[in-house]
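Q: Using the hints provided, position chain B with the ligands relative to the given structure of chain A.
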Amino acid sequence: MGKRVGIENSIAAADAVRMANVDLVAAYPITPQTHIVEHLAELVADGELDAEFVPVESEHSAMSVCCGSSAMGARTFTCTSSQGLALMNEIVFIAASLRLPIVMILANRSLSGPLSIWNDHTDVMSVRDCGWIQVFADNGQELFDHVLFAYRVAEDPKVSLPVMINIDGFIVTHVIEAVEYWEEEQVRKYLPEFKPVNRLHPDKPITMGAFGMPGIFSEAKKSQDQALLDSKPHIVKAWDEMAKVVGRGYSSVETYKMEGAETAFLTMGSFSETASIAIDRLREQGKPVGQIKLRLWRPFPFDEIREAVKGVKSLIVIDRAISYGGPGGPVSSEIRSALYGEKNMPSVAGFLCGFAGRDVTADDFVKMHGKTEDLVKAAKPVRQEDYIFYGVRE
Amino acid sequence: MESLNVYASRLVTKREYFARGHRACQGCAEALAVRLVAKTLGSNVVVASATGCMEIISSPYPFTNWNVPWIHVAFENAAAVATGAESAMKALVRKGKLPDKGTVFLGMGGDGGTSDIGLQALSGAFERGHRFIYVCYDNEAYMNTGVQRSSATPFGASTTTSPAGRAKAGQVTWKKNMPEIAVAHAIPYVATACSSYPFDLMRKVEKAARADGPAYIHILSVCPTGWGLPSEKAIWIGRLAVETGVFPLYEVEKGRYKITVETPELRPVEEYLKPQGRFRHLTAELIEQIQKRVNQEHDKLLAKAAIV
Ligand SMILES: Cc1ncc(C[n+]2csc(CCOP(=O)(O)OP(=O)(O)O)c2C)c(N)n1
Ligand code: SF4
Ligand SMILES: [Mg+2]
Chain A
1 MGKRVGIENS IAAADAVRMA NVDLVAAYPI TPQTHIVEHL AELVADGELD AEFVPVESEH
61 SAMSVCCGSS AMGARTFTCT SSQGLALMNE IVFIAASLRL PIVMILANRS LSGPLSIWND
121 HTDVMSVRDC GWIQVFADNG QELFDHVLFA YRVAEDPKVS LPVMINIDGF IVTHVIEAVE
181 YWEEEQVRKY LPEFKPVNRL HPDKPITMGA FGMPGIFSEA KKSQDQALLD SKPHIVKAWD
241 EMAKVVGRGY SSVETYKMEG AETAFLTMGS FSETASIAID RLREQGKPVG QIKLRLWRPF
301 PFDEIREAVK GVKSLIVIDR AISYGGPGGP VSSEIRSALY GEKNMPSVAG FLCGFAGRDV
361 TADDFVKMHG KTEDLVKAAK PVRQEDYIFY GVRE
Chain B
1 MESLNVYASR LVTKREYFAR GHRACQGCAE ALAVRLVAKT LGSNVVVASA TGCMEIISSP
61 YPFTNWNVPW IHVAFENAAA VATGAESAMK ALVRKGKLPD KGTVFLGMGG DGGTSDIGLQ
121 ALSGAFERGH RFIYVCYDNE AYMNTGVQRS SATPFGASTT TSPAGRAKAG QVTWKKNMPE
181 IAVAHAIPYV ATACSSYPFD LMRKVEKAAR ADGPAYIHIL SVCPTGWGLP SEKAIWIGRL
241 AVETGVFPLY EVEKGRYKIT VETPELRPVE EYLKPQGRFR HLTAELIEQI QKRVNQEHDK
301 LLAKAAIV
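These protein sequence lines are chains A and B, in that order. Mapped onto the numbering used here, the consecutive letters of the first sequence carry residue numbers 1 to 394. Mapped onto the numbering used here, the consecutive letters of the second sequence carry residue numbers 1 to 308.
Extracted from the complex, chain B is given alone in its bound form:
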């Protein structure tokens, strides 16, 4: 895979559909993920974005970074807006008002816009079976409003609403397993991805675009600002998230699990936690607790992937 990437990069288009000049922080791997998704989908797409960092950094009127049709309505409804657009296109094509160009419909939101406030709209859209892709850019907190905790914030992380204090060690709940919630809707395609693995990510977006029904991609998107990391460490820490098993990369096609980036031996989670400011306060005990949980979850995933 690694050696393949040397050639693979030459096959990737140089065209950008999410153009440069946006206002994201330096080293923002969420913006990188957005760029990779946009690159993969090309021009024949309609995008509905939730409120959040990616919307704010890319659409300060009268500027836009979007070279494809793009709409933002509100925070919690990207899935509803995207599927409204998809349904409208279906009707317009059927009634002969627009030609069928096989346009892809993409809904996108942050972890807050997806796993908290937008979960209902997303679940409804999955259940209705629209042909659309939903991408969650998971930077593990409400970054746009100043690093508040979400249900996707990992255990132990200090955020502005789950601050590490003398009595509490930051977030005290375990990260909500959003990909599993998507899988429970029995949709044709679910995958996790990370912008530190661009080709894996792009391949998954391609697959999602071909799925005959709803597709969900959950992208771990490193946020140096919110995670307390130097900006040049974003890609590196994303790789560590995968190599430690904290964020395994896999896909679920029609219910079948497949690990797409193998990690035969997991590195200790400490390597992932230590460099990040948001975990600075963690004691050896807490790290041990996290390690246990990561192993447990990883084993569960491996068991699922072993079922053919």
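Okay, chain A solo, but in the shape it has when bound:
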């Protein structure tokens, strides 16, 4: 078993990147991603990580440098938040279409404006359709584990896609937790050397990023979509393997106290832990409440979600991003469409909360549960446009 250390989660994440022995890091500072990148710069400066640290002049260039690097067959890392992701947006999409196995930690932060450095999921939801594998880690340990997981999956020749690890800014990045570091031996066992499917090299000239005439464009897109869908078994296998190597496994959809649950919270990221405290309390009151955690956002785990909600009458979906003028939040919207037409589909109540660092406590989850009970009692159908902006001063 690896050593357990009390450490800031960002430092632990950077150490995981070091243990992955990356060849190149390109990043531009933005709160709350900074500690991860600063620590990587230190590791390189101290000779503890043998990598090129490219201090680019923008996030757009960060992702562009990553593309050049990954295309050369180098293990490549970057990290950003919010405006940084927005600025690199163009290249984020292209990285996926080029099938480059870049790994990025996204320290989730609100998208401007108004400007805010605090946490929510408006940044990641803006790139929902970028073609990356997108996972959520809830705490420092999960973040550490998922760095190694991400490289294993991304570089799997049957996958060859970039992976984005979402982690709540400040709430997770800036706190000190107990993190169990992997042993070098465990890393060696779990994460093979990167053997690129294709690489830019004079010995075997290839053309990457050719342009697509209408005659082939749809085919290119279909194969990209298929690649993302097909990555699913490899993702699951990588989690299962991790369980064997370090004794911690994960799943696309994880549940808590779902035995006999008639109502369930559906959460993503660090809110999951807070919600579980509320669930303990509600269970003590005899309420049949459970929790479904969505860890894998892309490729979307349809079957697992359908399985998880079996027997649930009322689903409370927490969204931390807004689809302005639309169905409220992207998560509730996707959950609804995933369940649409299922037998005994639960009613879905969409709650928008926790924007830009606004605290959502266990009490709040209990209150959201109460509101949902009222809605159900009113016996009116809960429509998707009836989402509730929770905890906002009127």
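It is worth saying that the hints were derived from the structure and are not from the lab. Do not take every clue at face value.
Short derived list, chain B residues pointing at chain A, Cβ under 8 Å [claimed, not checked]:
#: 1; residue: 48
#: 2; residue: 61
#: 3; residue: 69
#: 4; residue: 83
Note that the structure is a prediction, hence the values are computed from the model and not measured. Positions of the beta carbon are idealized from the N, C-alpha and C atoms, including for glycine.
A: For chain B with the ligands alone, kept in the frame of chain A given last:
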């Protein structure tokens, strides 16, 4: 030099790394410049191209004109992609994952991709000091999207977004001096070139490849389609650009300026402007204004070249 060229051409390899069959317009001197650069660098190179005419004409999937490793990611980031590749190679060689073959890294883009939207990425790459060459193929407008003006479009030129009209005489700003911006980064090698002077161009590419740090080559690339010229006049007009002093050929090695194609007596700019459709509307007054500016800029350059 001219007589030397008769022999020099025999010394140039017949191998093409930017192969024929591409989709450029007839007489495209930008494609010629690309071919000359590729020929000079040979096979041991990795190329990162910006979006633009040269990318579009050479890579319609499943075809490619590139016999060397080549990547296109987007419009404004060729310098970042090229330096990402260069840095990656450095790490892979150092870590013993790839042998050191002395591969050259080339970033390339049009004048728009270089002096406008890609300027920041290029400046960053220069400042970081990567060992790479960046070539700007300057055809003085956004040709790929239909001849819109760029900051490299010369004063007086009519483009689709700086059209000559009754109230305005086309582009009303002076051409951004991109080579000087490169020089300001104190990089080891900067040069201007033109595909009408192939041996001068190739010699500069060779030098750039040997530079111990970033190298920048700004190539005036005549675009018959956008300039309003018959295709067979492309080489001729490129020579006139140099002979009139509109586009002097020089290099700056470690800060030292040297004119590489001497033009003891400048021909009047009118000779260069008149044949081109994009300048058709220019009045004698405006031509005079351009002449003055060309003389001024040329004098400045000569003064710099005189400092040893
Ligand atoms: C971000 C972005 N903005 C705009 C475009 C559209 N665009 C593609 S090529 C091009 C012009 C290219 O001009 P230049 O760099 O001078 O190259 P040329 O085609 O003239 O060789 C433009 C505007 C784009 N592809 N990406
Ligand atoms: S538009 Fe101009 S630069 Fe583009 S291919 Fe045609 S001639 Fe060449
Ligand atoms: Mg151009």
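Q: All hints are to be evaluated individually against the structure, with a verdict given for each.
A: Outcome of the hint check:
1. At its closest, the beta carbon of residue 48 of chain B sits 6 Å from a beta carbon of chain A; the interface hint therefore holds under the 8 Å criterion.
2. Because the smallest distance between the Cβ of residue 61 of chain B and any Cβ of chain A comes to about 4 Å, under 8 Å, the interface hint for this residue holds.
3. With its C-beta approaching chain A no nearer than about 4 Å, residue 69 of chain B sits inside the 8 Å limit, and its interface hint holds.
4. A cut of 8 Å between beta carbons decides the hint on residue 83 of chain B: the least distance to chain A is about 6 Å, and the hint holds.
Violated hints: none; the structure is consistent with every hint.
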